[in-house]
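Chemist: Chains D and U supply the protein sequences, listed in that same order.
Residues 1368 to 1935 in this note's numbering are what the first sequence lists, from first letter to last.
Residues 1368 to 1935 in this note's numbering are what the second sequence lists, from first letter to last.
Facing chain U, from chain D, some residues (calculated, C-beta under 10 Å):
1) 1417
2) 1710
3) 1721
4) 1750
5) 1752
6) 1762
7) 1764
8) 1767
9) 1771
10) 1773
11) 1903
12) 1916
13) 1917
A short list of chain U residues far from chain D (calculated; beta carbon distances all over 10 Å):
14) 1405
15) 1514
16) 1562
17) 1570
18) 1585
19) 1632
20) 1869
By construction, these hints were calculated from the structure, which means they are not laboratory data.
Cβ atoms here follow ideal geometry from the backbone N, Cα and C, with glycine treated the same way.
2 protein chains.
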Amino acid sequence: MNSAYTIGIDYGTNSVRAIVVDCSDGRVLGTSVFDYPSGDHGVLLDAGDVHLARQNPADYIEGLRMSVAGALSAAGREAGFRRDRVIGIGVDTTGSTPLPVDARARPLALDPRWSKNLAAHAWLWKDHTSADEAARITEIAARHAPEYLAPIGGTYSSEWWWSKIWHCLNVAPDVFDAAESWVELADFIPALLAGVTRPRDVVRCVCAAGHKAMYSEVWGGLPSAAFLERLHPKLAALRSRLYDEAWPPGRPAGQLAPEWAETFGLPEGIAIAMGGFDAHYGAVGSGIQTGTFVKIVGTSTCDCAIAPVSDRIADIPGICGIVNGSIMPGYFGIEAGQSAVGDILKWWVETVCGGGESLHAELSAEASRLRPGQSGLLALDWNNGNRTILVDPRLTGLILGQTLHTTRAEIYRALIEATAFGARVIVERIREYGVAIDRVVCCGGIAEKNDVFMQIYADAIGQPMLIAGSPQAPALGAAVSAAVTAGADAGGYATWSEAQRRMTSLKEKQFTPDPDARAIYDELHGIYRELHDAFGGVRGARADLGTVMRRLLSVRQRAAASPAGARA
Amino acid sequence: MNSAYTIGIDYGTNSVRAIVVDCSDGRVLGTSVFDYPSGDHGVLLDAGDVHLARQNPADYIEGLRMSVAGALSAAGREAGFRRDRVIGIGVDTTGSTPLPVDARARPLALDPRWSKNLAAHAWLWKDHTSADEAARITEIAARHAPEYLAPIGGTYSSEWWWSKIWHCLNVAPDVFDAAESWVELADFIPALLAGVTRPRDVVRCVCAAGHKAMYSEVWGGLPSAAFLERLHPKLAALRSRLYDEAWPPGRPAGQLAPEWAETFGLPEGIAIAMGGFDAHYGAVGSGIQTGTFVKIVGTSTCDCAIAPVSDRIADIPGICGIVNGSIMPGYFGIEAGQSAVGDILKWWVETVCGGGESLHAELSAEASRLRPGQSGLLALDWNNGNRTILVDPRLTGLILGQTLHTTRAEIYRALIEATAFGARVIVERIREYGVAIDRVVCCGGIAEKNDVFMQIYADAIGQPMLIAGSPQAPALGAAVSAAVTAGADAGGYATWSEAQRRMTSLKEKQFTPDPDARAIYDELHGIYRELHDAFGGVRGARADLGTVMRRLLSVRQRAAASPAGARA
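Make the full structure from the sequences, and use the hints.
Modeler: Pasting the structure below:
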């Protein structure tokens, strides 16, 4: 068989990355990253509203051009690579990141009439301006269409499709009226590559539709016009300008259009895979299978698990979504996530302590010399709200247990621990509902570089922490999807499992729970859970807050008295 | 009348300061500060126990010599000053700071046999090693002698006399056995100046005895031997080696001994005033009278009020003490305090943010540009426990409301606000029990230098904040006491009110509450109080924690929307 290659393109929060991958073994031949030039590291902000986060669609298009060209050019320096052996392209993106488009499927923001209007740009996943709309949608759905909420955890989020579009209608009705349709970034890029020029022709992925837009084949697609009418008549009218059907990965979103083929020097008509969210393709690129819990650890964290569609699984309260085919066809994709992980550490080290890379390294080295429980601190990891399992963007951070001797490294470690406890809450919730989790695979820079972070996670969750072989699991997953979409005849694969077996891997290094640390963290997790439920407003929460500080001091004394030395 | 002078000597946590004062108008002619050379800025620490804080008595004695000599030498450069017109010496100190002494009233720590043993040194006020003993004393007194607890707020503290002496007996019985007696630092220095050589001859001040050692004329002095026997037979045996009676200020603790007169070139036999705690003499030096609440704001804060003994006032739960004559004769002295105020800001700026003086100034300037409520943060000021009104050294700090945008200046301001809310809880508790407070006078470096701090206090407490005229109110109060003790015939005063009227003053600058800020702080104080009671373990506390974070966001949104500009 001739060698064959696919391209994976990963649209992150601050940059887009393209990789060229050898289908035979998943080896990356070329990679290129393009930092979005607009706003603050690619994010358009509003000084008057900390909840606002938008992106300039022009950055996406320039980023597509530059990153793919760069990756191909790098691959060209590898022996044997030929552009005419590229058989497909896959794309993953952040989400829900909807953008308003005109009748030719072009982003409104590219039109000079709208380019100054932040509402006409892409509404980045972490935009939290739509909290009121999200609350109303939850309320109305709970009353009139509870089935819509069941598979998405029971609460509609301000980060999602309908909240954002409705908020646009409320605060920028001119933009709403000017939009022919709205498109998820995950669908926009494949459609762009395929040369789609009508919004109704954009092929929509079920991962965005099912997890963010209350789409399900069970009720025939998007929420009914009658339901949308309850929100606003204009949303009901928009429904017919959106889509009727959404698809799992594996079928093509289109074929590479002649102008893009020419731009990149690639064969015209090669397969464009279905777009997908970064976390979902990251799970594919991390070798997800039944029983695997994949954590894409970045500024925030997305967690994925799958369960065969033949296992009828229950709706899981607080879990962002359970969608047939959203990760791989034939499986329910289960998605959860934490709104801030790397971002909390970055906040602490950079915004509060005023340091940079070297302080990250210093604090992480100091933190690694502390024993679990030794600082007497406990934190809640809610600086950016709580996505799972409380689904409340209005929650905020908390640190307690400080004395006059508490150091910045102790707080740094307490913040890592808080995110680990937050992760454990998610794992426990999924297990409670009958989905087995017997291994945890992490990917992302923190997983690869921050050993103290990974050890704390192993100890706090009580599971070995494995690391995805590729540092770019989402892009690799998109490339895997492209290889499956292109098919075995073209040099790709007939099945997902075969593609994953050949193209993905795990690192040898892994982190194993330490029994003593586990015992302390079990106790601290109990206290975390009390605070979590009390401040999270969980109905019937029972916390003995009057003893929390004393209990932490008691853990601290035992940790200090423990014969075990500090851990490396 | 010939001019007359007194000397005030103030033993602080890190240094001792002496001032030479003109009795006619309170003018300071000379001042000198001696930094204790031992330990960490004068505090002996134990790396294995963060609760331990001791001091080397040799520092006290060298400090006495150096500071008084320095102040006299500085005064000598002022026209008209003559050492032979010095008519008395007053001393104030931290407390409860007991030290074990031998049969000749010399500190054990000065004996080479004991100098390496931390238990033989002075047990600094903020030593918190004796929490278990304090809890036991509270428990036993509650059962067998509740009258002992009533005037000291209902809870015996780990910072106090009996807790510390008992802890010494428990952890260093050899030191306990070697001690003939124990002496408060406030009594030790006057006795040293008076040449006292037997522990039973040390004249004891009622301010230490009444506030810290459960002494009261009502039950005939110290706790009964029968009560002490319940703690430990050796404590009962110690009782007879301590004292039978304690005295208010106004009568002499002794006369200046010949060797010290010679050392300083002062007249032999001049009056040595009764020793007293820094806060109490600070209140005198700040012009305390009925209706005045004096706050000595430093690393921690001591608060004082007085009420005429003719007003029978009730015991006030959680208030450290109500003692007849402890501040001025004829008045109940009411003492309260916060375990950390300046220390919390120092912790934040220096330990966490890694800055120094310039960062203090920078954060305080930035904090002054923030509006009340604007940060969305709320903190508890318990990094060093809570002295009043919870009396629990095992409480710890808490910060909540953080987002990924929270700045260090916002947290700095939130920590100031937390201490202001803590101060308000104290004012409210004292008022609840019928003691009027109609003006607040602050003294200490923070009061003089940190305008944003003072404005926040005015707004959060809802009272104008006045500033004591002297930056060294405690030393000035000790000098006032010396002038009263010396008496009118010697060139001093016959009454306290006359001495205060002539020797103390207020600064013209004062801080007035802003109505808008007050309204926001009233709301935030309500939330503070919920957290305070919940985490403080107050019986029957009712907190709606599930909405706290959302309510803070709501305050924040209103603060941001308020038409008023940021305040200077």
